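The listed protein sequences correspond, in order, to chains A and B.
For the first sequence, the working numbering assigns the number 1 to the initial residue and increments by one for each residue that follows.
For the second sequence, the working numbering assigns the number 1001 to the initial residue and increments by one for each residue that follows.
Since the hints were made in silico from the structure, they are not lab data.
Note that the coordinates shown come from a computational prediction; the quantities given were computed from them, not determined experimentally.
C-beta: ideal position from N, C-alpha, C; glycine also.
Mixed in with the good hints, there may be bad ones.
[As the list claims (entries may be wrong)] Sample of chain B residues at the chain A side, in silico, Cβ under 7 Å:
no., residue
1, F1069
2, V1125
3, W1135
4, V1290
5, Y1293
6, I1304
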Amino acid sequence: MTARRLSLRALSRPQYVLIWLLLVLVVAFSLVGRASQSFRALDNFLEILRSSGITAIMVLGLTWIVAIGEMDVSFASVAALVSMVTAYLAVKLGVPIGLALLAAFAGGTLLGLLNGVMAAYVRIPSLIGTIATGSVATAIAKILGGGKPLPIATGGSSLVYAFVYGSVAGIPTLFLVTVIIYLVSAYLQDQTTMGQHLYALGENRTASREAGIQEARILLGYFVLCSAMASLAGVLATAQLGSGVSELGGGAMTIQGFTAVFLGAMVVKAGKPNVIGTGIGVVLLTVLMNWITLMGLQTYIVWLARGALLLIGVAMVGLSGSRRRGQAAAAMARE
Amino acid sequence: MAGNRGAAVPRVATPVIVFLVVIALVFAAFSLLHGQFLSARNLTNLLRHASIFSIFALGVLFVVVVGHFDLSFYLVCGLAGMTTSWLIAVEVPAPWSVGVGLVVGALFGIANGVAIGRWKLPDMVTTIGTGAVAWGFAWIYSKGSYIWQNARTSGILLLNDGTILRLPVPVVFMLGTYLLALLAVHRSRFGRGFYATGENRVAAVFSGVHVEAFIVAAFTICAVLTSMGAILSNASQGAGSVRVGMVFLLPAYATVFLGSAVFRKATVHGTLVASLFISLMLNGFTLMAVPYYYSDLIVGIVLIVALALSSDTLSRLRESLRRAGRRREEGRETEPVAGPLAGTGGQP
Chain A
1 MTARRLSLRA LSRPQYVLIW LLLVLVVAFS LVGRASQSFR ALDNFLEILR
51 SSGITAIMVL GLTWIVAIGE MDVSFASVAA LVSMVTAYLA VKLGVPIGLA
101 LLAAFAGGTL LGLLNGVMAA YVRIPSLIGT IATGSVATAI AKILGGGKPL
151 PIATGGSSLV YAFVYGSVAG IPTLFLVTVI IYLVSAYLQD QTTMGQHLYA
201 LGENRTASRE AGIQEARILL GYFVLCSAMA SLAGVLATAQ LGSGVSELGG
251 GAMTIQGFTA VFLGAMVVKA GKPNVIGTGI GVVLLTVLMN WITLMGLQTY
301 IVWLARGALL LIGVAMVGLS GSRRRGQAAA AMARE
Chain B
1001 MAGNRGAAVP RVATPVIVFL VVIALVFAAF SLLHGQFLSA RNLTNLLRHA
1051 SIFSIFALGV LFVVVVGHFD LSFYLVCGLA GMTTSWLIAV EVPAPWSVGV
1101 GLVVGALFGI ANGVAIGRWK LPDMVTTIGT GAVAWGFAWI YSKGSYIWQN
1151 ARTSGILLLN DGTILRLPVP VVFMLGTYLL ALLAVHRSRF GRGFYATGEN
1201 RVAAVFSGVH VEAFIVAAFT ICAVLTSMGA ILSNASQGAG SVRVGMVFLL
1251 PAYATVFLGS AVFRKATVHG TLVASLFISL MLNGFTLMAV PYYYSDLIVG
1301 IVLIVALALS SDTLSRLRES LRRAGRRREE GRETEPVAGP LAGTGGQP
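Work out the full structure, taking the sequences as your base and the hints as a guide.
Have a look at this one:
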């Protein structure tokens, strides 16, 4: 993105349609309808930024997993497990909160290692492998809390709590840090060989392998990264909610994550999942969900909206991809 | 695998025998642990549950055989079940209600199949999307609460309580669907098409197999069978629930993969045996009042073990380790060749 100059003409390209959609939604929600007054309140905007920060961190790794052509449906369960383990260690066993957070984070990342070994070395289809690890993670999370959330009383004093609710110059710290993480990731993805390997593997596994790219090691790395980011989000969510919650592992978060990634794939790189797009997708979804909550609409509307958006994203990405492949095939046939 | 057909028979038979012994041991263990396990009442319950569950697993099998995944069936079947229950609540005759419910399920299956088979959209994400839409629609009938009106008087409960030739109706359904599937998949040219599509799509296309049609068929069969399962399950609960399919997502995949680990291939009979095993465990744990989330843990572990034990997996692991070793030895030599690879290979 840095190479191309951001001019007005560039911004009117189809790649940037999602950004315009986001702006239109924000303006429309702030001006029209009975929820407009509460929607445009400053506190509400800060809340949107804060909660999109956590979701954005959770799905950063997922973006690259999808870009490389794999699947990880366990990320939300990993976050749930980390959240419950933190709460369990701190509340039930009296471990200092900092230590509990580190231990839980390490556990979540280990789960990513298991996902990666299964996908990269044992070559189990990553969907099935992560369904299995995800359900084990959610089950352990529920067992630890007996199926209920575990409140943490000491949340107020901890560093993480300050991080989640603190703000710099009026903007939530969490959101600022998320933006920095995303910018660094975008740099890694677009300006380094790491990103080139990523998209090469996503385009053509066999060719990349033959070209000497260390397929298995890279896959393993991304699975670990995906779980590590999800674990970090789990830690942050625990602080935000003041308790360990196993409900993070439900289907809602998983669908939210995939929707963000696939909507984001329409942005910037036109058809390939990328971090900037995912970030925009997360903010768009959070705005939409926030508005639906403020309007007091039924939850099924949320699901219909999420499902429809996901399908639109997939269809646009998939159909543009097949058209590209079709053109390439036609070009080859002409030669 | 080709060539040593003589040796293949005992090699396939051993894991099957081991598995049957494991099933017998689990059965014996539950009978010893809980006095009620062997009661006629519980055995009938077990058989009913196993029947419904194995119909779900059979649906999933078709999608797995064509090399795809369906993450929408557990929500689509909820919509189908709710449609049936709602129609019954507004006094539509039971057979019509069931029929319309199945049609709704089938429509989602066809949509999945066309999107994935014809438009080549990624299967998992597409089905996550259609699943979310189905879940949203399922809530519209009653805002998510149970629909029980008219269930008692309409005759829909006969789907659970009735008997045909002294067999409970769900068992008859199971036997019927499995017999049909066994004949269609393993004893007909039609069935070969599913395997051909899943194993090597390019070869299948060039052999004149209508790959797209088989993918659409597989997703539709999956949606219809799981919708049938949901309607049976609702009949056994006496009310329609949007959540009816949720408990089946993980166990259904675990079953299909366990079956294919034991029988070396995803097959109808393998799925049947594996689904008996899994529903035996689920029933036993329910009887012993273990909270529901423990069963997820155990089924999840069974799935991981099944994946790890399937001999395919082990040979693939050896292969990838060997390749890694070879690459390390050759080191530099392979790299200069890497240049003109961008246009080669690749699946269409």
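To see whether the hints hold, each was checked on the structure:
1. Given hint, B/F1069 at the interface with chain A, holds; its Cβ is 5 Å from that chain's nearest Cβ, closer than 7 Å.
2. Because the smallest distance between the Cβ of B/V1125 and any Cβ of chain A comes to about 5 Å, under 7 Å, the interface hint for this residue holds.
3. Because the closest C-beta pair between B/W1135 and chain A is about 5 Å apart, less than 7 Å, the hint holds.
4. With its C-beta approaching chain A no nearer than about 10 Å, B/V1290 sits outside the 7 Å limit, and its interface hint is violated.
5. Hint status for B/Y1293: holds, given a least beta-carbon distance of 4 Å to chain A, under 7 Å.
6. Look at B/I1304: its Cβ gets to within about 5 Å of chain A, closer than 7 Å, so that hint holds up.
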